[in-house]
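Grab the two chains, each in its own frame, and use the hints to assemble them into the complex.
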Amino acid sequence: MGGRIELALLHWLDQGRTQVGQIVIERAGGDFLLRHLADVGQEKLEEKNLPEDALEIARWDAEGKYRPLKTAPTLRRGWRFRLGSVAELALTVEYFYPAMLGSYLAAREGRLGVTPLRETLNRQTGLYALTRKATVEDAETVIKRRCHSESGCLKTILWPIEDEPPRGFPAEKFTLAGGGERIPLPCAEGCNLLVAAIRRQLKKKA
Amino acid sequence: MVHKPDSALIILGHGSTVNPDSDVPTFAHAAEIRRRRCFGEVTCAFWKEEPSFRQVLLTVESDDIYLVPNFVSEGYFTQKVIPREMRLAGPITERGGRTLKYCEPVGNHPQMTEGLLRRARETAPGVPAAETSLVIVGHGTSLNENSGAAVKKQVERILRRGEYGEVIGAFMEERPFVTDWRTLTTCPNVVAVPFFISDGEHSYQDIPVLLGIEPEITAAASQRDVFRHNPREIEGRRLFYASAIGTEPFLADVILEQVARFDKQREAVLA
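Residue numbers (the working numbering), protein chains in the order written: chain A, 1 to 206; chain B, 1001 to 1271.
Bound conformation, chain B alone (with noise of 0.2 Å):
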């Protein structure tokens, strides 16, 4: 249990400057952090939106600082652009009497692999696993080659488990690509889980064109009345494809966890 009424919690989104619903789990995790008392301040900065993660700390009065990023890879953002706008020297840096230590992303942490198996299920209720490829989809990207990382490691563990037929990742920007998702699987029935935060621009209105189930970009989820229909029938084969997991509850947990290890790790150092 995380009890730090002397420090302050920024935690660290994408945010959109054209999907609403980009920021909205990081907002909510946020609330609900801020409910349990556990830390003198908790906010949120954004890359796309303001707090920017220059403006931040200008908002923050605490000189103990956890900064906890709210994406699933440790690739571009994490280790390029976090680090260069908030000016990180490392894990910890220390400036003007402040002492800022940078947390590792939740995607890194166990419980993400259990938050994408309910996915999983949720989507495809009574749909037989073993008769069913299940796709991890990242975004993927040239500009860093760590950023395909997690959706990786995320697919090995799921197949150490031999729940599912076949499990394999896919991403938007490099190979494999999602696109391809009709020769990449096998299995008769394919649940597609988006492992990203929120259900916005890439996860909600990209991808979905990407797979095939919608011929254009869609308005955003919160401007549609209806989430989407499952399963989808193409080419004989029943696709279904879930909502973001970045969304779900025990998220502001696995942010507080993410600071707990932060502090243990160090100690671990310091021994």
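One chain only, chain A, in its complex shape (with noise of 0.2 Å):
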């Protein structure tokens, strides 16, 4: 991370721009605080202040469970960073929601690429090869089960499958304007857990 996002980072709190998908950041002092949403209010909580202490929280869910997309909305509670400095500050918040801070900024400078998922399931080779076979509404089926914001991903989609965004969102799912408090997380592509799950739709329909 670098000083031109830190910088941003700055300005988007002093912006009033404090909510980070499930995350809030105060200010106090010449600290971060850094917590759970839910946790607002709450004053029993475990104390750090490691960046990297974020990537054991971010690892699991409140059951356990392993979470292999952190923008997954499974964050758990029960936590309070304390840091010193705006680079630890992006650091943790970089863990927590890799590389949102960077594609944010880079959506607000017009530099942000974005792929359609056609696109992303053509150049798959080995083992996800299957998936450039999948129909839009194949691609459809699995988007509805893996990236709506309340049960699977908390990003702002901004790739058609092909020429159109996929049917079955609210729009706000597709916009990176507005948002009041939020730092949006922009998805610019589809990921590697939604391509597998493609390719598992497509071997259950053969």
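Treat the hints with caution; some may be incorrect.
To be verified - Mimicking DMTMM-like on lysine to aspartate or glutamate, the simulated pairs with C-alpha atoms at most 25 Å apart in a straight line are: (1) 203(A) - 1163(B); (2) 1048(B) - 56(A); (3) 1080(B) - 189(A); (4) 144(A) - 61(A).
No lab work stands behind these hints, which were simulated from the structure alone.
Laid out in structure tokens, this is it:
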């Protein structure tokens, strides 16, 4: 993480955009406090101060299940970070929500490249080459199951399947604008979890 | 000693959507290198996790970027998947005012041989090497003919030392198969060392089943109370199974040395 992302993060905080995914950032003197949105007002929280601690918190959900997708709405509660520098803050956010600050800054500056899902599937090889055969309907079936903010993923979908965005989502799932207090989580390309799920769907169909 | 305050280092790992331990060594080596302050920026990227190979360049700001694959073999991932996903043109890619320097994977480094031997000795302390078959276990794949080469190279190096009664390479997905260790080896003691980066799905969960020391796939290492017991008595032989060597702290130095080697090779090309 470099200085431009850190400066942008400070700027967004100054604008009152203090939420990233399920975490909320507060300033306390010269420090930054980070906690789960649902833990605001809670006092009995485990104190953390190393960015690397975020890796372990983000790794497991409340039931102890592995979270391969860090933008799933399953971040566990019960902790609070106190961080002394914006560099540590940016790194901690990076561990909770990988690549999201950099993606959002790129989107703001008009340099975030978006890849249609069809292109993503067409370049797969090996195990995932099968996904080239997915129809728009196959893809939509899986996207509906995997990408909903309530149950699957908090990111904002910016890619179309071919020409059109997937159906079955509210309009705000596709836009970075608005959002009030939130720093949005841009999804510029379908992730490997989605590609793998499409492969499983095709296997099941066959 | 690498000192590049104006450059970024990106450590490229496999990652996993099912095993929670797969990314641990890659993050640990990144944290160690960051602590040493030898690069302006240090981060990781993964095939199966985020930041992905596609996203990671958005997270660094330096124009001079070293990419070191935290992979054991120069095979399918380092020759095909990473160059495709990161749009690399070769060892050096110039794009949008940035230079991407694609280094060799950690598995190519000579120190890996020492790491494998150290693991073998630790796993079977006091067991005479001359009466032991050492099995270096790799993934191997039909997707790339070079995939098993890293294991074969290690086997040759270890054989030359004449320390072990027998040294062989065996694979999950290509011949000779690790499932056939009983017939591939002849010594009374067998030490199997996985040539893998992490104690992840393949090395901790799959290979023990292939070796016959677990009847079925167990939970991940971090979700079990004990690491595996050694040795197992199987058909009158003593089988020892090691943990992966990629978790060892010396890998942080190997990553930095791959950067230094890259620079040295480029200097030689330009000279």
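Practice problem: Compare the distance between the alpha carbons of residue 1048(B) and residue 56(A) with 25 Å, and conclude whether the hinted pair is satisfied. | Solution: holds, 18 Å
Quiz item: Is residue 144(A) close enough to residue 61(A), meaning Cα to Cα at most 25 Å?
Solution: holds, 22 Å
Quiz item: Are the Cα positions of residue 1080(B) and residue 189(A) separated by 25 Å at most?
Solution: holds, 20 Å
Quiz item: Would the pair residue 203(A) and residue 1163(B) pass a check requiring their Cα atoms to be no farther apart than 25 Å?
Solution: Not satisfied, since the Cα-Cα distance of roughly 48 Å exceeds 25 Å.
Of the numbered hints listed earlier, the single one contradicted by the structure is hint 1.
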